[in-house]
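If you read the sequences in order, they're chains A and B.
Under this note's numbering, the first sequence has 130 at position 130, and the numbering climbs by one with no breaks.
Under this note's numbering, the second sequence has 1001 at position 1, and the numbering climbs by one with no breaks.
Hints in this document: simulated from the structure, not taken from any laboratory.
Please note: incorrect hints may appear among the correct ones.
When the alpha-carbon atoms are kept at most 35 Å apart in a straight line, the in silico DSBU-like pairs for lysine-lysine are as follows [to be verified]:
1) B:Lys1057 to A:Lys110
2) B:Lys1057 to B:Lys1353
3) A:Lys108 to B:Lys1477
4) B:Lys1207 to A:Lys118
5) B:Lys1353 to A:Lys140
6) A:Lys108 to B:Lys1057
7) B:Lys1406 to A:Lys118
8) A:Lys118 to A:Lys140
9) A:Lys118 to B:Lys1252
10) B:Lys1406 to A:Lys140
11) A:Lys140 to B:Lys1461
12) B:Lys1207 to A:Lys110
A quick note: this is a predicted structure, and the numbers were derived from the prediction, not measured.
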Amino acid sequence: MLAITDLAVAINDQPILKGLTLAVGAGQVHAIMGPNGSGKSTLTKVIGGHPAYTVTGGGVTYQGRDLLTLAPEERSHAGVFVSFQYPVDVPGVANSEFLRLAWNAKAKAKGQPEVNVKDFAAILSERIATAQVPPEFADKQLNHGMSGGQKKRNELLQMHVLEPQLAILDETDSGVDVDALNAVGASINAFRRADRAIILITHYRRLLDLVKPDHVHVLSGGRITQSGDVTLAERLDREGYGWIDRR
Amino acid sequence: MTELAEPSSLADADAYKYGFSTAVEGVAFGRGLTEDVVRAISTARNEPAFLLEFRLKAFRIFKTMSEPTWAKVGYPPIDYQAIQYYAAPKAKAASDAAPTYNSIDEIDPEIIATFQKLGIPLDEQKRLSGVAVDAVFDSVSVATTHQSKLYDAGVIFCSFSEAVHQFPALIERWLGSVVPVADNYFAALNSAVFSDGSFVYIPPHTKCPLELSTYFRINNTESGQFERTLIIADVGAQVSYLEGCTAPKSSKHQLHAAVVELVTLDDASIKYSTVQNWYAGDKETGEGGVYNFVTKRGACRGARSKISWTQVETGSAITWKYPSCILQGDGSVGEFYSVALTNGRMQADTGTKMIHIGKDTRSTIISKGISADRSSNVYRGLVQIGRKAAGARNYTSCDSMLVGPKAEAHTYPYVDVQRDDATVEHEASTSKLSEDQLFYLRARGISQEDAIGAIVNGFCKDVLAVLPLEFAAEARKLLALKLENSVG
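Bound-form chain B, shown alone (with noise of 0.2 Å):
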């Protein structure tokens, strides 16, 4: 059972705002990870055969592998036997493991007042307008709302297991193409064992007309979380997609291993946002908090096509997370913009791959790394241009900033050219946020929660800018609020 905190005022710069749970009937499956538990989930889902090979193949090779080591982050050895690989929340009208929504008056009232909380109405009255949501909560997604505008357009923007019923020719298809069930050892696991997520087709010549949204939420404490995002731009289609995610705190750690992948054909593009705020842990003792092991990645298989990955990461005890580019489509365009915040005993091993194939292929790399009380912000990147990427330019600039004595932060960044006419650009650069900085605005009448906002969204700019403009004003004011008791 969970219980239900209170959740605490924005103006208390310890709490954790997301910090409750709320107490929802559910139902689990026992701890630890067999083939039969693979199995099961499929059965629970009611699966097509192709997807439950695709999950036992990818179980099998997790079994191969082991967890990597590579990344400068430390934790206890992770016990995989004690995690529960399904949660879900049961439909107030069946009781089958496995609840789909036909409609809002479904949703155990709970749920709709936990997103309703987190700031994410699901019902029609109340809905962000100009935004479509699919609510995730622990492994499955609850609601997606603006359903039909989206149809009308020909958008197919739904939950995964919704997908995996209705559109199974487009799953089997784009499914691991991108980030394949051998790739890493976490992106095998959630092959394996993913639940739910949300599946996104733009269909050619379509300008999605709704920013799309996921928002995803951690409630059990027991289960991990791995959820599935597939987003497909088909020929000329553009989409703005974010997600957003918070969990309960505990004193334990949660383990989300997500994987996303992205296709974009040709000249169509796709920009995904993320607000990460996944509970940190406990600020002295670094107890608790939900390790973000996530794979995410993008392929721009057509020509022209753009895709852009911008992140916001303030939460997460870990996070293990290399969102990026295969540019693949001769002048395709890959960007990664991203802020970084790490405070308390937070670890952050977070950047991005952008891997030139075609010719004329250009990245642009804009990473800001905030590390405060005794935290580690580390960026790690690679650039690569192949052989046959003719003309190919990437920039990258990564500034990180320090808050206090004891923060770390580490700059890795790879480059691996092979050819003579590439361009390849670095700027890096470390600053500290000064008491004198912090003085200086006082002095001229700014309160030192405003100086703090100034000078660290003043240092964010150029990732902050490119967020989709609901979201900008909601980022500033969390990583104000995330350095607050650090500085001074």
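Here chain A stands alone, though its shape is the one from the complex (with noise of 0.2 Å):
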């Protein structure tokens, strides 16, 4: 489904990704761990098209398509969803408004007739109760006024209203108290399904331990430095990412 190939990153000339490797196929939920500033939130940025970061090698194909020449809009429209570890307030605009907006975005791209206010309220209660946010976020503002756990989890209702093809979700767990983490395992493990690819990007096995992880990967120093399964999170939450680096 994805397919990073040698993908080399640079914001402001400051090289972050030096050659990053990976392929993701349909079904599989793919971990991704590393110490701070190896390129984490680069990668999800960049599949996400965001316009400050220059590609400066390599490519990225998802469902066999250039994925870097699409705009950001394209992408999401393409079933490609990623989920911000800081994701930005914008006041004054209602939750489900916005969410509305972007439904019918997906629709109009997809040549779907749009929704209006009363059908998209129905299909937002369905979307909230399998997303598993508490249903007050309807009626929150667009990040504003929320807590940081509940900007995560706000993230995970977008994905389960846009039900994209391959969620990149970046350290959706950092920030989120224990029962509110339980919840957004749960929330992650309903949208799990054969014909879904899942990149978790995360510092904690917590969250692995409840979202299996098909393969785990370490990026560190903007490249995918060691691969394996669940046993490779385990020995990072045991010893840390030191022993990657002395080898």
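Hey, can you piece these two chains together into the complex? The hints should help.
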């Protein structure tokens, strides 16, 4: 589904990713772990199409298409979803209205009919249930006035509304308390399906106990330096990242 | 002569959609301002003696005054002698200098077409339902729709010049009662040379059955526009009024110095909304554009009366405008809801004054300033609680949004409280419309255009929510359109 080949990315002429290669197939869950500053969030933003990042080498194909030539909204319409580590506040914009706008933008791109406020309210309450977020999320402003943990869960609600084929979740578990973490895990598991792929970017094994990954990778110095199964996550949890660099 | 330019499409964000002008045969006086010109305006409009006296008094005071310089706006000196102080479209039938129109058939078809192009149909068949329109073209009111329906309700809604002839006693009583001729430089100028505008009177205990609207169009690029609006809501009366403004693109600056006076008696309310989109000048050079120096003031003379100003200011090279409320009646309420958007080289210095005189008076100020490109956007407001205003309360909220690194936003809130029991609250914030916000929405599949619209409308939500429904959608689109090329 997603093939990243030798990807090199810079921001303000500062290289961040230096030849990252990763292949993700449908139905798979990949976890990417790694020390701070290794390029995890850069990967998320580049896949999403953030204009501040410059791809200096390599490529990304998604379902056989060159992802990097698509505008951010086109990537979303094609079924790519990126959840951000720090979702931005958009004051005054109702979450429900924002989600309807996003829903209709996708519907329009696919030549499907747009939905009105009333019909969308029904869709939204159904998705709120599957995303396992509190019902009052519908009435909140987009991330504005939400706690850090609520913002992360609001990202998951967006994922459940848009139903992408590929979801990249950047530290969705950080800043979330224990009870909410269980809900985050359940929300991601509910999304998991044979035709969907998920990339979990995380620092902690706790989330991986809840959402069992098929593959675990270590991102360090802008490259994938180690890949394995869930035992790799266990070892990282025990020993930290030091042993990888020492090898 | 004016040339007919093609109106540009909505999709072109750089283009000023209303930048065309219309070739219309007209009558105009020469340039310059003298007592003779003031007299000539009065004569041309066949005015009663009291009005000529009013003008002459204003003109004499104007000559002794100098232009205010305290506003945070910069412009080269205005040559007041280079301005044409009167321009009127010629009536099809008559050829005198003061056309009055008895029916739509007498109006130059070009003018009707102009308003049609602006989305303001004047002919009987295509009228906006539920909205009565007074159309002012250059200095003269050309048509007022829905007259009979309003007449049945006892509501007077007509051009100012018509009111001068039909209801001189009302005009003589109220004209200048809220904004005296000596109030300020531009108000004095207006009082001397104003040509037309709208007059509204709502009789006691009457709710105006229609939304009233005046549509101002500057067409002649040489003339200044000096209109006068007077709205009286008698005891227990209610009215909602909206004005819209556009002007053709011109490389020269056009002066617009209007005066609006509102009066509410006991238990009356006036809701006055403005969507101002005068030509703002060239986005890069700042060449041309309207100088919008406007005095708007309402007096809540009666107990429990209410005046509410809502403005969406998106045009003009320079805006100098402070719609204000004098809260005289006990328990009276003043409101000011404002969105001021500046882009290109625009400069706006706008805000309000809430003067609390009566007991238990309340005021609310919600101001949203958006500045983009190299523009400057100033909120300037005064909240004054007088010695007799027991229990007076004010709430003020001023938010600024900056778009791009070169735009400026300033807030100057003045508070003058002469009582211990007053409650005055002020909140302010400054934020940025950031690349990250835009990217976030786009990453969810929302187009750049819709994303800007959503962010800006979210920022202005509290103000747009109080606009009359018919105009809120238009205002939303206008705001998004203006910012489209300023982001990213």
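*Honestly, which of those hints from before does the structure not fit?*
1, 6, 7, 9, 12
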